[in-house]
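Let chain A serve as the given structure and place chain B on it in line with the hints.
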Amino acid sequence: MTMTNEQRFEIDFLSRKLKHESAEAVLQTVKSGCEQLKNGQPFASEKAQLDFMRHYAMARDLARLEPYLAQVEIKGLSSEQVRECKLMVSEFEKTSLVRKVSPGLFQAYQAPHETVMQLAAFFEKFNPKPPVNKPTY
Amino acid sequence: MLPAKRSFSSDVCCAVRDTCRLAFNLQNDNDLIRIFGMTGAQLEEIVEKIIDALPDAIFQKNYPPELEEIKCICAREFIFFQVQERLDDPRYQQDLNAFIHLFTRDIEKRVNGRVASVPTTIREEK
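If you read the sequences in order, they're chains A and B. Residue numbering for the first sequence follows the working numbering, beginning at 68 and increasing consecutively. Residue numbering for the second sequence follows the working numbering, beginning at 21 and increasing consecutively.
No lab work stands behind these hints, which were simulated from the structure alone. Any given hint might turn out to be false.
Unchecked claim - Listed below are the simulated DSBU-like cross-link pairs for lysine-lysine, each with C-alpha atoms no more than 30 Å apart in a straight line:
1. Lys84(A) with Lys129(B)
2. Lys114(A) with Lys98(A)
3. Lys142(A) with Lys98(A)
4. Lys142(A) with Lys129(B)
5. Lys84(A) with Lys114(A)
6. Lys86(A) with Lys114(A)
7. Lys105(A) with Lys84(A)
8. Lys84(A) with Lys69(B)
9. Lys98(A) with Lys153(A)
10. Lys153(A) with Lys86(A)
11. Lys69(B) with Lys86(A)
12. Lys69(B) with Lys25(B)
13. Lys84(A) with Lys153(A)
14. Lys84(A) with Lys98(A)
15. Lys153(A) with Lys25(B)
16. Lys86(A) with Lys98(A)
17. Lys86(A) with Lys142(A)
18. Lys129(B) with Lys114(A)
As the list claims (entries may be wrong) - If you want a taste of the chain B side facing chain A, the calculated C-beta under 7 Å gives, among others:
19. Thr39
20. Ala43
21. Phe100
22. Val103
23. Gln104
24. Leu107
25. Ala118
26. Leu122
Since we're looking at a predicted model, the values are computed, not measured. Where a beta carbon is used, it is the ideal one built from N, C-alpha and C, also for glycine.
Pulled out of the complex, with its shape left as it was, chain A reads as follows (with noise of 0.2 Å):
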């Protein structure tokens, strides 16, 4: 099948970052990260927040190449490899609260307030609080 010129420029968009570091290294610093959230774990620093945050946006775009696949090769880029990205985006997005409540992320029918408490909770993953010690007396 022709890809078409829209086609090849949201591949490229996509997969503009693969040009400064390689897919393996995006999933390894995307893997690692998510693994200390399950964990409750905050990051050691902002920097290192930040690192992550960048990263798993980098995965993110990669998994929505998901699509093409079947009709090109992307240079520095595997099936295996979208395909990883795809699940680890997923599991991540579908493991908020927000999946808990509604079947999808900014679901149209939902309430402004509900709407925006969305967005909150999602990123909320992003900086998890320490849990707080309390005294005991």
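Structure of chain B alone, referenced to chain A:
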């Protein structure tokens, strides 16, 4: 720029700042340089550019719930785009224009899908 778009753009910037407070401990606009590599004024200018590219029709119809949803999507997608970028990168303008083009396309599909009573989850996991 339509007044409704300008107002919407301001709301998106608020949503971005609110989210950054939660996710990145944003205390004031100086922290935006740490997070996005841009000042508050630059953030507002770029978000305005993104919103201005959206079809006027979205802001002329009376769909408050839909606009609220689009506002959250704009904030979310802007954050995920900009956190990967730096303003001083020679490729920034090109990548921003590409982002705006694809984002506008996706929002149009989303809105058109809703109008046609076809459920759509553009940019969300099914």
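Exercise. Starting from the hint list further up, note which numbers the structure goes against and sort them upward.
Key: Structure breaks hints 15, 18, 24.
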